[in-house]
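Student: Protein chains in written order, with the numbering used here: chain A, 1 to 121; chain B, 122 to 172; chain C, 173 to 866.
Treat the hints with caution; some may be incorrect.
[Claimed, not checked] List time: in silico DSBU-like cross-link candidates among lysine-lysine, alpha-carbon distance up to 35 Å:
| # | chain 1 | residue 1 | chain 2 | residue 2 |
| --- | --- | --- | --- | --- |
| 1 | A | Lys71 | C | Lys335 |
| 2 | C | Lys335 | C | Lys306 |
| 3 | A | Lys114 | C | Lys543 |
| 4 | C | Lys210 | B | Lys147 |
| 5 | C | Lys214 | B | Lys147 |
| 6 | A | Lys81 | C | Lys214 |
| 7 | C | Lys214 | C | Lys655 |
| 8 | A | Lys54 | A | Lys116 |
| 9 | C | Lys797 | A | Lys116 |
| 10 | C | Lys392 | C | Lys356 |
These are calculated hints, taken from the structure and not from any lab test.
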Amino acid sequence: MGKPFDEFRRGRVVKCNEYNLCERVDIQPETSYDGLNDNSYQLEEMRMTLLYSKPGEQMVVDEITWSPGVKRRLEDMGFIKGTPVRVIRSDGFGAIVVEIKGSKLLLGRGMAQKIKVKQAA
Amino acid sequence: MGTIITIGLAAAIGWWVTRIISRQAKAIKEGKCTGCSKDCSTCGVPVNFTE
Amino acid sequence: MKELVLAGNPNAGKTTLFNELTGARQSVGNWPGVTVEKKQGKFTYQDENWVVTDLPGTYSLSPYSMEEKIAGAYIVEQRPEVVVNIIDASNLERNLYLTLQLLELQQPTVIAMNMMDIVDRWKIELDIKKLATKLGVPIVPISASRSEGLEELRSAIAEVSKKPSLGMGNPVTFSEDIEATIAKLMKEYQLDEKESRSRWQAIRVIEEDLDVCASLGVEKLHLYDHERTEMTHLRYRYIHDLIDRVMKRPERFESMTEKADKILMHPWFGLPIFGFFMYMVFTMTFTFGGWLAGPVESLFGWVSVSVDAILTQLGVAEWMISLLTDGVISGVGGVLVFLPNIAFLFLALSVLEDSGYMARVAFLMDRFMRKIGLSGKAFIPLLMGFGCSVPAVMATRSLESDRDRKAAMMMIPFMSCGARMPIYLLFASVFFPGKEALVTFFLYFLGVLVAVLMGTIFKDTLFKGSGDPFIMEMPTYHIPTMKTVGRSVWEKVEDYIVRAGTVLLAASVVLWGLLNFNMQGMTEMVNSFGAQLGHMIAPIFAPMGFGNWESSLSLVTGIMAKEAIVSNIAIIFGMGEAAGEAALNGNMSGMLTGIQQAFPLAAAFSFLIFSLLYTPCLATLTVIKRETNSWKWMFFSAGYTFAVAWVYAVIGYGLAMKFSVLVSAAVLAFGTMGMIAFRTRDKRRKEEVEWEQL
Numbered sequence: 001m002g003k004p005f006d007e008f009r010r011g012r013v014v015k016c017n018e019y020n021l022c023e024r025v026d027i028q029p030e031t032s033y034d035g036l037n038d039n040s041y042q043l044e045e046m047r048m049t050l051l052y053s054k055p056g057e058q059m060v061v062d063e064i065t066w067s068p069g070v071k072r073r074l075e076d077m078g079f080i081k082g083t084p085v086r087v088i089r090s091d092g093f094g095a096i097v098v099e100i101k102g103s104k105l106l107l108g109r110g111m112a113q114k115i116k117v118k119q120a121a
Numbered sequence: 122m123g124t125i126i127t128i129g130l131a132a133a134i135g136w137w138v139t140r141i142i143s144r145q146a147k148a149i150k151e152g153k154c155t156g157c158s159k160d161c162s163t164c165g166v167p168v169n170f171t172e
Numbered sequence: 173m174k175e176l177v178l179a180g181n182p183n184a185g186k187t188t189l190f191n192e193l194t195g196a197r198q199s200v201g202n203w204p205g206v207t208v209e210k211k212q213g214k215f216t217y218q219d220e221n222w223v224v225t226d227l228p229g230t231y232s233l234s235p236y237s238m239e240e241k242i243a244g245a246y247i248v249e250q251r252p253e254v255v256v257n258i259i260d261a262s263n264l265e266r267n268l269y270l271t272l273q274l275l276e277l278q279q280p281t282v283i284a285m286n287m288m289d290i291v292d293r294w295k296i297e298l299d300i301k302k303l304a305t306k307l308g309v310p311i312v313p314i315s316a317s318r319s320e321g322l323e324e325l326r327s328a329i330a331e332v333s334k335k336p337s338l339g340m341g342n343p344v345t346f347s348e349d350i351e352a353t354i355a356k357l358m359k360e361y362q363l364d365e366k367e368s369r370s371r372w373q374a375i376r377v378i379e380e381d382l383d384v385c386a387s388l389g390v391e392k393l394h395l396y397d398h399e400r401t402e403m404t405h406l407r408y409r410y411i412h413d414l415i416d417r418v419m420k421r422p423e424r425f426e427s428m429t430e431k432a433d434k435i436l437m438h439p440w441f442g443l444p445i446f447g448f449f450m451y452m453v454f455t456m457t458f459t460f461g462g463w464l465a466g467p468v469e470s471l472f473g474w475v476s477v478s479v480d481a482i483l484t485q486l487g488v489a490e491w492m493i494s495l496l497t498d499g500v501i502s503g504v505g506g507v508l509v510f511l512p513n514i515a516f517l518f519l520a521l522s523v524l525e526d527s528g529y530m531a532r533v534a535f536l537m538d539r540f541m542r543k544i545g546l547s548g549k550a551f552i553p554l555l556m557g558f559g560c561s562v563p564a565v566m567a568t569r570s571l572e573s574d575r576d577r578k579a580a581m582m583m584i585p586f587m588s589c590g591a592r593m594p595i596y597l598l599f600a601s602v603f604f605p606g607k608e609a610l611v612t613f614f615l616y617f618l619g620v621l622v623a624v625l626m627g628t629i630f631k632d633t634l635f636k637g638s639g640d641p642f643i644m645e646m647p648t649y650h651i652p653t654m655k656t657v658g659r660s661v662w663e664k665v666e667d668y669i670v671r672a673g674t675v676l677l678a679a680s681v682v683l684w685g686l687l688n689f690n691m692q693g694m695t696e697m698v699n700s701f702g703a704q705l706g707h708m709i710a711p712i713f714a715p716m717g718f719g720n721w722e723s724s725l726s727l728v729t730g731i732m733a734k735e736a737i738v739s740n741i742a743i744i745f746g747m748g749e750a751a752g753e754a755a756l757n758g759n760m761s762g763m764l765t766g767i768q769q770a771f772p773l774a775a776a777f778s779f780l781i782f783s784l785l786y787t788p789c790l791a792t793l794t795v796i797k798r799e800t801n802s803w804k805w806m807f808f809s810a811g812y813t814f815a816v817a818w819v820y821a822v823i824g825y826g827l828a829m830k831f832s833v834l835v836s837a838a839v840l841a842f843g844t845m846g847m848i849a850f851r852t853r854d855k856r857r858k859e860e861v862e863w864e865q866l
């Protein structure tokens, strides 16, 4: 695994690996950002959320980190581990349109941030 | 003749107005819509805008 | 009397089907104890009377929301003769999820496969027969919006009602483990295997339906989380396999919707395009509406004169004539004159709503809504506020969190509703002739600014906390049919007219009474009850420049219905001397002169500002009370809007007097914008993070 490099940009931190798989971590009062000053940050742990996945790229649902109620609602809408999902467009500020189960859904930033995805095999 | 019509009109208007006022009062008490001509649930609002 | 229920996803066209089946024979209420709408209608077929109950649109029956619980419980408890599951054929994968759960209920079911026109258009091949065999229920292809397939649907419904076994369906069999768990639960809670609802109840326990658990006496929860997720997974897998077998989509191609969205949701152009659409709405309301307003006005003038002439000839008492012409016709007419404008406004809004564009709007506006602590979804009710606050407040139901709903409800009154428009039009034409559109636009704009400002304040005070999970399905674009739009516009127009003929008419009569009488009997207007009342209230408005009794009285009646303000002004000023003479000549401009004389320009300006912002009409207050279930919020919205209006109007007047209306307007607008900017300033710069190279 290559050495990750970090960038500090106007309150946003970008961590990328050699494959240019990047995750930006925004510093927001509401979000807890554990791991930011954690020196033992594990690259292997790094996963991508829908929020930062590239539009057009076929991803697969991995995990949902939200309260049980919302999690179940998402499951009913089709967000189950292993389901293919694809970001179609993003407004640049967090709201995204995804295609899942053959139809399109709008997700707000909060939702997008908490649906973890993996690249399609 | 005019007096008869006057009285007739007065009665009609009086009846209509009283009826409206009492309907409004009833609607407010029940918490219903006072503006629409029907019960406000028919203001045709879908809960989900994609409808 | 047989009953059928309609169940399906929110987007599947359930409402359209409901309307098609029941026509005008509907009644609406609420499901007991909750604010979820319950719609029922009737129709007759082959000599059978049917009641149709429209269940809330849901994506599943899993018990996470009120709607889903209601839907499931209703079917199981009421045991309707037929369950009609309406499905969007162009969206099969998601829609079938609910279907599978409905089959688990083991009630006679018929599937109405809707949106077949889209299926044809997208050249999708769908083997309906095979699907029907696999699912075990009859499937009828329909296109509700085109009224196709309905007769076949009714026939299928009738058949199934006579022979229920036709519609029992093949529910999904889960994995061995899960089936074992279900069997175990059935035994544990002594559920009779032969009872059709037993299996469903066992499943509900796994899914943690609290109501079912309570009724069975289940004590421990969270035992079956794993099974539950497995079940969802299996259902979707089943659907996936099923679809593979019955549906063939042509190679990925771009639908019209996708093409359109490339532009309409474009990161750069999307927002300006939306702005353009808003501008179009505005123009429609003004120009097209304006064309028709003139003739309507002349019409009323003529009616007034004619009535006067005829009744005088017949010897009817003068006071009665006055009541009818100066009171009723003035009051009601003054408002009906603006009907064309209102009609066009609703036409435009209805097209926007029906086309499916609203979801895109929510997307475009999400980033801005975040700044006031709401999600893009909240923008839609706000936008609806431009039409009428009442349905807008009800529309907040689409927001899931209570906090979001209340915040949106408190902001809606500032989105200038259609009923306030007559005030602007009237005053603008008198005081700012030639600039009516500009003035009105400014007022709408200011209203929005104030709403946003309030939003930023609420975010940190009353409604702290994180917002709504924003998840929304994006529908295919739909060219609004004349039928739906027409119906929707007609409803609003009808409402407006009925309101004019009832509430406003009554108000006009009462007002006329107040203006022509006092303790000693009939009198001149200036000595009337109305004047006295107005005088008492006037001091409140003095700082705004119109501390006269006429305005005060009108504004008070404006709390009843905003149109009443215009109505009353028409009556009050229409009864002045100058007006009286001019009216005899069949034109209302006498009233206009009266208004002009009563308000200095600055005061007219502040009057407009006050009308824009102050307490919403009684109907709105009522519905706020109903939706929040508390008097507290109703009074709060009544009070705080008044306070905000007062402050703005006083400042507006002061500045207009000292400098000019233009300066005042600019200060108010930019001042508000500045406050908004201040409140939404980026706090992030303050944080610094140190980084080390790992």
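Student: Now look at each hint and say whether the structure bears it out.
Tutor: Comparing the hints with the structure gives:
| no. | hint | in the structure |
| --- | --- | --- |
| 1 | A:Lys71 / C:Lys335 | violated, 40 Å |
| 2 | C:Lys335 / C:Lys306 | holds, 19 Å |
| 3 | A:Lys114 / C:Lys543 | holds, 20 Å |
| 4 | C:Lys210 / B:Lys147 | holds, 21 Å |
| 5 | C:Lys214 / B:Lys147 | holds, 27 Å |
| 6 | A:Lys81 / C:Lys214 | violated, 44 Å |
| 7 | C:Lys214 / C:Lys655 | holds, 21 Å |
| 8 | A:Lys54 / A:Lys116 | holds, 13 Å |
| 9 | C:Lys797 / A:Lys116 | violated, 40 Å |
| 10 | C:Lys392 / C:Lys356 | holds, 15 Å |
Hints 1, 6 and 9 from the list above are not met by this structure, while the remaining hints are.
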